[in-house]
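On the provided structure of chain A, position chains B, C, D, E and F with the ligands as indicated by the hints.
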Amino acid sequence: MPELDSGATAWILTSAALVLLMTPGLALFYGGMTRSKSVLNMMMMSFGAIGLVSLLWVFYGYSIAFSGDIGGITGDLSAAGLRGMLESGTEGGIPDLLFAGFQLMFAVITVALISGAIADRARFGPWLLFAGLWATLVYFPVAHWVWGGGWIGELGVLDFAGGTAVHINAGAAALALALVLGRRVGWPKDKFKPHNLPMVLLGAALLWFGWFGFNAGSAGAADGAAAVSLINTQVATAAAVLGWIVVEWLRDGKPTTLGAASGAIAGLVGITPACAFLEPLGAIALGLIAGAICALAVGLKYKLKYDDSLDVVAVHMVGGIIGSLLIGFLAIEVLSGEGNAGLLYGGGIKLLGLQAVGVIAVLVYSFVVAYIIGFAIEKTIGFRASTEAEVEGIDNAEHAESAYEFSSTGGGGGAFAAAGIGTSAAPKTEPTEPVSEKVAG
Amino acid sequence: MPELDSGATAWILTSAALVLLMTPGLALFYGGMTRSKSVLNMMMMSFGAIGLVSLLWVFYGYSIAFSGDIGGITGDLSAAGLRGMLESGTEGGIPDLLFAGFQLMFAVITVALISGAIADRARFGPWLLFAGLWATLVYFPVAHWVWGGGWIGELGVLDFAGGTAVHINAGAAALALALVLGRRVGWPKDKFKPHNLPMVLLGAALLWFGWFGFNAGSAGAADGAAAVSLINTQVATAAAVLGWIVVEWLRDGKPTTLGAASGAIAGLVGITPACAFLEPLGAIALGLIAGAICALAVGLKYKLKYDDSLDVVAVHMVGGIIGSLLIGFLAIEVLSGEGNAGLLYGGGIKLLGLQAVGVIAVLVYSFVVAYIIGFAIEKTIGFRASTEAEVEGIDNAEHAESAYEFSSTGGGGGAFAAAGIGTSAAPKTEPTEPVSEKVAG
Amino acid sequence: MPELDSGATAWILTSAALVLLMTPGLALFYGGMTRSKSVLNMMMMSFGAIGLVSLLWVFYGYSIAFSGDIGGITGDLSAAGLRGMLESGTEGGIPDLLFAGFQLMFAVITVALISGAIADRARFGPWLLFAGLWATLVYFPVAHWVWGGGWIGELGVLDFAGGTAVHINAGAAALALALVLGRRVGWPKDKFKPHNLPMVLLGAALLWFGWFGFNAGSAGAADGAAAVSLINTQVATAAAVLGWIVVEWLRDGKPTTLGAASGAIAGLVGITPACAFLEPLGAIALGLIAGAICALAVGLKYKLKYDDSLDVVAVHMVGGIIGSLLIGFLAIEVLSGEGNAGLLYGGGIKLLGLQAVGVIAVLVYSFVVAYIIGFAIEKTIGFRASTEAEVEGIDNAEHAESAYEFSSTGGGGGAFAAAGIGTSAAPKTEPTEPVSEKVAG
Amino acid sequence: MKLVTAVIKPHQLDAVKEALHTLGVAGLTVSEVQGYGRQKGHTEVYRGAEYTVEFLPKIRVEVLTDEIDVEKIVDAVVAAARTGKIGDGKVWVTAVEEVVRVRTGERGLDAL
Amino acid sequence: MKLVTAVIKPHQLDAVKEALHTLGVAGLTVSEVQGYGRQKGHTEVYRGAEYTVEFLPKIRVEVLTDEIDVEKIVDAVVAAARTGKIGDGKVWVTAVEEVVRVRTGERGLDAL
Amino acid sequence: MKLVTAVIKPHQLDAVKEALHTLGVAGLTVSEVQGYGRQKGHTEVYRGAEYTVEFLPKIRVEVLTDEIDVEKIVDAVVAAARTGKIGDGKVWVTAVEEVVRVRTGERGLDAL
Ligand SMILES: Nc1ncnc2c1ncn2[C@@H]1O[C@H](COP(=O)(O)OP(=O)(O)O)[C@@H](O)[C@H]1O
Ligand SMILES: Nc1ncnc2c1ncn2[C@@H]1O[C@H](COP(=O)(O)OP(=O)(O)O)[C@@H](O)[C@H]1O
Ligand SMILES: Nc1ncnc2c1ncn2[C@@H]1O[C@H](COP(=O)(O)OP(=O)(O)O)[C@@H](O)[C@H]1O
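Protein chains in written order, with my numbering: chain A, 1 to 441; chain B, 1 to 441; chain C, 1 to 441; chain D, 1 to 112; chain E, 1 to 112; chain F, 1 to 112.
Isolated chain A (complex conformation) (with noise of 0.2 angstroms):
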């Protein structure tokens, strides 16, 4: 059993914590994206996953991913309930309940992402239901093939911190649902205009944040891939964020802060494959092109007719494989191992076609799958909301809340939240103790 190194564990204790911080930044982030009606629905879905994919595991989905393997495929399920773990050991200095705790933080987020495509329509429970189900069967063996010992990682595919484990795999999942739910009531005529930008930016700032826990948490330790990691994160990101917003400026005439925040999350996306690869201005000409590209990827939903909502498809399977792809080009031999330099610095094209091969196969795989899964889901208990429910607002229909209870003229001031309106009057029933019957829809 290796020493443990205390300052790995420290920076690796951190890193789980940041990369928790990413979903309640994710649904910050969506949730300030739709309209005020489908907030806390949004959201849900994240908080839900939070907790739904965090059960599962410990009971089988750090097993699957981590522990054995099955000719490539699969891990099995001797590490199932992580049992035996509390002592087990300290892979590379940091304890083994510890890198478990880490990952499961990365299985959560990879679930969340996909929400975005469905917001403002999906039922509630049916999410849940595939939530457990696309982890268990896309998740956790992906997560296998690429980082547990499975058939990409060993085929020499470069993934640091999940190009393709994590966001090629959320990205194709959403396109599947999306196209299994079908287009919102009023769109693409409608514009679907966020109900609060400043919102965004601040799910986007806790991302951005998050991420350096996600990507230089990977290097398992306190080291200068973690280094390395680290600034590559910061300045591909900064570059996304203005090569979006360069692209509006040009086009639209005036850049937008849902650019600035989309172009953010693009840069992440992107160099989260690459992030120990490359060098500085590598990881700078990256975030330029992750973010122009997903800028210009946005249009496609108009083009296809396919309604995600809150350009998952755009920003995570695009920007996916920009980084991945990129690896090809740009990864320095010094740092991405023997024989990996990328095509601009020397390597051959053979590092550029496995990686394409992992792109492919991870999409091929998600999108299949959780096309399945969202269509049982929505032929057998139904997915999608009811028509009247969107079209009055999802949080009422699901959650029997809603989101704000302002007034027109600020705290404390309006007329309508001193008169209790919105906040009704009476109760149904006397709170004396908690009601029983269901709630009307």
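Note that these hints are calculated values from the structure, not bench results.
Bear in mind that the values here come from a model prediction, so they are computed numbers and not experimental data.
The C-beta atom is built at its ideal place from N, Cα and C for all residues, glycine as well.
Hints may contain errors.
What the hints assert, rightly or not - Coverage of chain A stretches by chain C, computed from C-beta distances (three or more under 8 angstroms per stretch; other residues unrestricted): (1) 248-262; (2) 327-337; (3) 364-371.
Chains B, C, D, E and F with the ligands alone, transformed into the frame defined by chain A:
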């Protein structure tokens, strides 16, 4: 003097920062739950606690809690002003002053937790007075009892990160203050709906994030105990989110976001004393139980007719009791120390008995002293705001501010905002220099 | 090459992430203080600074600040593009590239700080131009003067984490820009009330949290200096919150949340240069003074009639001066180095004199150069927005967006939101693909 | 037909609604308004300077009714909205020439 | 001159606007209101207790017009706002004695 | 009695309030509305597509007055609200049959 462990130091530096963030997180969590006319007062109670308790901690709080011991009841004043600690040493590998800083954050949040019980109706000045007195008479000595070499810790009661010292302590004081200040105008007939649920979720998320520092930082090092604490914190909280919303689903027909957020806090509270003593499956069990029982415990206040406005009792007091007692069932000897196995893991009843002693002692002491302090303040300078202030909005009455200045039609476009309504027209006095008269109520 | 210290590396990785978070924190802090029609523009100035300055830092900023030295005035271009640093070494136990990444975050936030002075009226493009020029001509060289081996540091001036290089530097530039751009329409007659005070508090909290990385991270290691810095940062800030609100209480009759938030920032600014040189009681004294004086300094702008919209001068310039000079009174030799005792701790006047030199040099240089750059921009491409844009809302004029899309009656229920008002009706162009015409003003 | 419009204090809305209910009036329309009158607003502090917030939140209630009930309705609203303190508001009556129920197209008294 | 006031369901606003446009009516003023009527509100849950939200969001549309067009306008609004479900709202007409266009000071029919 | 209603640009509210004050009118009620007229709205961009925001924020001002003052009030409001640019709004007058001051129950002219 033991050598400094830079990894441990790195983790406790990080943890201290994380725990600091919990108090503003709490301010958002609580603030979002109030009505829009009292959100600022709610948040100011937290910020005021940060300001005041931090200083008291330096002056004498640390010393009372952690320096010396007088009969198991209290520390002495040998470390007042934290003087002489600059080079004093490195207990367990981290600088003493860092330990003092880390524990400072605990004192701050414990006091702030209480304020949720008296939302919408507490005057700010008396609150500060209460905060200072309660910290001095209750928190500092109780922290000594539990962690500073006092009688509870010596007895063998297990409290890893603050089930008794923090949560039961604050929850019992909250109950006392709810009784002293009495019910809000309109309670329980009117619904006191949260004015901003995304803000509640954001606050819960920051609390969750910071809680990793609270729990895993309580290991005092970056080691296996920290790792166990981190993953247990995550999975117990996830389980409690599910536990709470499942209760709602069954009872009310719909899961709410307020329930998800409250469930998260209930889980965090429950796992706090136990986090380093359980295996992950035990933590999941604890979380499910804490989430479900706290969800039901919210109904108590309607039954017993006390207005614990934001459910500090149901979440912190009840959750703290559950967590403290479940140690007696779920502790694993290899983690909790020889002879400390829980009932379900082959241990005896003794540990459970000890835990009950710790729970009751802190609960009774905190409740009684908080009631006396609160009562004395109410009868002398007055704790509760006037009915008029309460009805028209305590934010304006206590802070001469209102929280928001939106307009019905959104940022930048609203007619009232554009007309400067709410923002007022002319200043009463030319603001060439700050005015000196008192603000009229 | 010294060996890598994994604990130090873990802490600086964490600190870099913390400091990054400060800039979005600032965006929220500033954004909440503007009116709802200009919040996006305000926040975009911060996000734009992150985007641009991060890249300039890689291109040549780091090299000018920290690589080589030409006459004490500037570095050279030997590390341009951060090339060759991938394996260069580990100065003081952490990878060089990590130090570069950590310092990058300082450059970003310093530039972003300036923007608060020109809220509501600055065009975004010219702001980016200013940001790039000021970073190049002022921040990079001044960082060299203070920390990179330049004349101020060599002289013996103490600035642990950026009282001169960051806060006075940004505050002086803010004053220059406030003068160049002139007063807002209606100022000072109208009240420019913060549109979202909980957002201001959230921003202040994220700044506070991130500032632990800023100050304690400036130790460059996880050691005693970091520990002292952390606790001093906490208690000085807590004291400054009290200092500011006590001034308000005495002067205006009520403590405000805006005051508490501003006090926190004033305390953080004040302790920045001094955090590793004081004992905690000294830090509390510094905080009380900084909070109280900055609270009074806000009145200056009304007296002198410059519209420093969000009080960058009163908080950052004045706070930075207070902190830098108080080192001369409060420094403790065992922390600040032999011969560096403050006046109150038995030292001489020399340290105070040196501090004054540092203060004045940075203040004058930054003010003059910022004024020239700003003036040149205003006279050529125009810095200030049109009066019409200012009155109707710069968010729409500059970014073709508005921040919020609520409705008077809250989430999901509002009639305007439901009717799509504000969200507009039909798109001007069929959004089958992004349109290419320019946006009409 | 008549339209009774009332500008009242927000907290009196519940009482007004109850009073109208008792009279058998099943429908009404309310909106948020701001009132300026003898009742003075409150002061807020910003950066040490005081500002008067002059407009106060009020609720406007509108009830369509027939000629016969109008007096009863006015009296009921006035009674229910009264707190006796300054700022209680106003009630006024205007003539309505035609009313249509959108759902059915019914006109006049049938539309009420 | 006349003032046509309509309280309608939010989602019908677009249709009403179109219908008026077709009639050549170029201007209108809308505001947010809350309606209380036969249509029942929804329930929300808070801490396990159910509360009825009684008021429902509606849009008030106001159109100034001359005597001649008023019938056409009423009919157009009623037709466009109708969904046939409960809660469709009301349209009513009141007499206006004078109208002024602020920009020009024009009065009466010229001001429309 | 009369009710003067004005739909004006938000920024003119201060001027209108001043003008009314000068005339001795002590009370008024304002509300937020959205106007649609010859003045065109602005465009916003979302994901690369432009959308026209057609409705513009306006303020509705309502003043109850007696027959004698009504002309002066209309003139004062029109003068104060005018910027000369398109979108300045409209002022109109309707007859009021009864006014009650809630606080006292006073009716008619005494209630103003
Ligand atoms: N002349 C008026 N025209 C329109 N609304 C008025 C008028 N006078 C008063 N109001 C409304 O009535 C409310 C109460 O008026 P105020 O003068 O404060 O109280 P009171 O009627 O009790 O003397 C005001 O806030 C305003 O909304
Ligand atoms: N007597 C009334 N006075 C004013 N507004 C009314 C009146 N009756 C109904 N309304 C308005 O019309 C809306 C629809 O009324 P409701 O009775 O629910 O439907 P319907 O007219 O289809 O029977 C209500 O929400 C309310 O705004
Ligand atoms: N026929 C109408 N009925 C009701 N309100 C109207 C009507 N015409 C215009 N308005 C209101 O007056 C405002 C200004 O009208 P607009 O045609 O833009 O300017 P102008 O009156 O200067 O020509 C509109 O925004 C709308 O609120």
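Item to check | Annotated coverage of the region 248-262 of chain A by chain C, confirmed only when three residues or more have a Cβ within 8 angstroms | outcome: holds (count 10)
Checklist entry - Do at least three Cβ atoms from the region 364-371 of chain A come closer than 8 angstroms to Cβ atoms of chain C? => result violated (count 0)
Checklist entry - Can the region 327-337 of chain A be counted as covered by chain C under the rule of three residues or more with Cβ-Cβ separation shorter than 8 angstroms? => result Since 3 is at least three, the answer is holds.
Comparing the model with each earlier hint shows a violation of hint 3 alone; every other hint is respected.
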